[in-house]
Amino acid sequence: METIFDLQDVSYTYLEKFEALKTVNLTMTAGEQISIMGANGSGKSTLLSILNALVYPTSGEFYAFGKPVTEEAFNSLEDNEFGRYFRKKVGIVFQNPDIQLFSSTVFDEIAFGPLQLGLPKDEVKKRTEGVISMMGIASLRARAPHTLSGGEKKKVCIASILSINPDVLLLDEPTGGLDPRTQLWLIELLQDLAKAGKTIITATHDLDIVEQISTRAIVFGEDHTIKADANCDVVMNNLELLTSTNLIHKHMHRHGKLMHEHLHSHDGENHHEH
Amino acid sequence: MLPEWMKEVETGPCQCCAVNVGKKKSFVEKSISGALNFFQDSLISEGFAKRDGLLQSLDPRVKLISAIVLVVAVSLTRDIRVLFAVYILTLLFAYLSKIEVLFFIKRVWVFVPIFAGIIVLPILFNVFMAGDSLVTVATLGSGAHLGPILLPSTIYITRQGTMFAITFILRVATCVSLAVLLFLTTQRDVLFKSLRSLRVPKVYVLTLDMCYRYIFLLMDTVRDFFTAKKSRTIRSLSVRDEQRWVAGRVGYMLVKSLDMSNKVHDAMISRGFNGDVKLLHDYAVRKRDYAAIATVLMFSSMLALISQNIIRI
Chain W
647 METIFDLQDV SYTYLEKFEA LKTVNLTMTA GEQISIMGAN GSGKSTLLSI
697 LNALVYPTSG EFYAFGKPVT EEAFNSLEDN EFGRYFRKKV GIVFQNPDIQ
747 LFSSTVFDEI AFGPLQLGLP KDEVKKRTEG VISMMGIASL RARAPHTLSG
797 GEKKKVCIAS ILSINPDVLL LDEPTGGLDP RTQLWLIELL QDLAKAGKTI
847 ITATHDLDIV EQISTRAIVF GEDHTIKADA NCDVVMNNLE LLTSTNLIHK
897 HMHRHGKLMH EHLHSHDGEN HHEH
Chain H
2 MLPEWMKEVE TGPCQCCAVN VGKKKSFVEK SISGALNFFQ DSLISEGFAK
52 RDGLLQSLDP RVKLISAIVL VVAVSLTRDI RVLFAVYILT LLFAYLSKIE
102 VLFFIKRVWV FVPIFAGIIV LPILFNVFMA GDSLVTVATL GSGAHLGPIL
152 LPSTIYITRQ GTMFAITFIL RVATCVSLAV LLFLTTQRDV LFKSLRSLRV
202 PKVYVLTLDM CYRYIFLLMD TVRDFFTAKK SRTIRSLSVR DEQRWVAGRV
252 GYMLVKSLDM SNKVHDAMIS RGFNGDVKLL HDYAVRKRDY AAIATVLMFS
302 SMLALISQNI IRI
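Sequences listed follow chains W and H, in order.
Read in order, the letters of the first sequence correspond to residues 647 to 920 in the working numbering.
Read in order, the letters of the second sequence correspond to residues 2 to 314 in the working numbering.
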């Protein structure tokens, strides 16, 4: 399988002060479905930003599709063939839909990506209509983003990326704030995209979806380093790892594929009951 | 786990607890209402743009250019009868575009006293514009002065000043009516894109479009600030403390909007934006659009000729 992303000793520090990633070594190959797991602030979103060439490693090297991704190469995308290729190949769905929905109507939002990539206007319209139909959001096409519900916004965000038809899809906490029905719809969509051969990389701490949307899991610790990188079932059965990385509480249990918490009470300093 | 004070539960207010009722709203309540009104107004306006009326059926570029040409022609017009006729025409077009005329009049006249009334007020008096007396305001006697300015012995409202003020206000009202008609009958995104027909650079059109979109988001955030404050306000603070809180929120909004603008830029970059803006718009100019622009051009030319006394009425 072709290696699409290769991170060598990558670290990232915000404002030269706050460490977000520490000495990360990773390779990702085409067609993989990967979940990046970790507690809040462990560096998941920063890693996605690096994978989307939105920020650049403070130290270490990042290669995408065999070429180095550097600020110098991506600063000006004008007349940059690799930049255009990269943007066509890799799409990101941000955690906050309001960041991603900057156009005044749903139709314009979905048409934005194909337009910027220089597709002919007829092709842009055809694609936009196709994605709107596929996502079942025809009734939203003329609506302004601020009039949409949370689930509708998420659908439009995903549609706005799918219209570019990227081979690599990066998703940051995709199920955050979604109702159960929309979550299920999203899981099925990601499964369909995976079957079509897309690479899907999801940053999440929603353990319920990990095994449904990915085969490989990477766990970040609160010290911003990788604590595990293995098959999903191996990681999900390692309760000690999940507890130490703050992904589950010590009162969370796993029965087969079901993970759940028991209600418990504390009575005194060291005693508790289930 | 819980500290002792947190384990105390009150059963309810005591019987002597007074319920004071007042009509005056606090600034928090006013701000929340203001934000809600903003959303309500924008929804109503968007609703008009989607109606099946006369102006809604025209090409947005035709409407934009027509509105600009008419505003220039009206600005040249000095005859109060002509101005009145044009103003009545705007009401007729509002009616034909399925806009409630009373709503339209209110929307226009909210702005007119603010922008025109204050400017034109001094012109009414003989202190600034000599003319025939209409109403005497004060008799000061000879030698009266205000600082270095020598005042006339009698201050009165002049007939000429009144006519000038009415003409000026009517001119402003007509121009505002034309602009409001354009806004109410055209969807915002289409209106902004139609600016391209005036060769407005694409980057400004995109920025304007995005500004309009994010005003709603930031307004929503402001409403959340005030709602959260309301929910936790147990007693009123001093004016100074309230001012300090508002100043703090203003600063926070600035930081938040800057942070958001960076993230939005990232989202644009990730979807292939490289500084060269590309916009998708489809316009189909029909016979009625040609007829509309021709009529507007003829009418505006006629207004200009009347203003120059080439055509006399």
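Incorrect hints may appear among the rest.
[Stated by the list, open to error] List of simulated lysine to aspartate or glutamate pairs, EDC-like, C-alpha gap at most 20 Å:
(1) K734(W) - E11(H)
(2) K735(W) - D655(W)
(3) K25(H) - D277(H)
(4) K841(W) - E886(W)
(5) K279(H) - D768(W)
(6) K873(W) - E727(W)
(7) K771(W) - D283(H)
(8) K279(H) - E819(W)
(9) K735(W) - E47(H)
(10) K279(H) - E717(W)
(11) K264(H) - D869(W)
(12) K663(W) - D221(H)
(13) K668(W) - D813(W)
(14) K279(H) - E775(W)
(15) K735(W) - D838(W)
(16) K873(W) - E886(W)
(17) K772(W) - E717(W)
(18) K734(W) - E769(W)
(19) K735(W) - E717(W)
(20) K767(W) - D133(H)
(21) K31(H) - D277(H)
(22) K107(H) - E47(H)
(23) K734(W) - D852(W)
(24) K767(W) - D277(H)
(25) K264(H) - E717(W)
(26) K844(W) - E886(W)
(27) K264(H) - D277(H)
(28) K734(W) - D133(H)
(29) K772(W) - D283(H)
(30) K288(H) - D277(H)
[What the hints assert, rightly or not] If you only want the chain W side, here are some residues facing chain H, beta carbon under 10 Å, derived:
(31) D744
(32) A840
(33) G843
(34) L887
These are calculated hints, taken from the structure and not from any lab test.
Using N, Cα and C, we set each Cβ at its ideal position, and we do this for glycine too.
Hint numbers the structure violates, sorted upward? 1, 2, 3, 4, 6, 8, 9, 10, 11, 12, 13, 17, 20, 21, 23, 26, 28, 30, 32, 33 and 34
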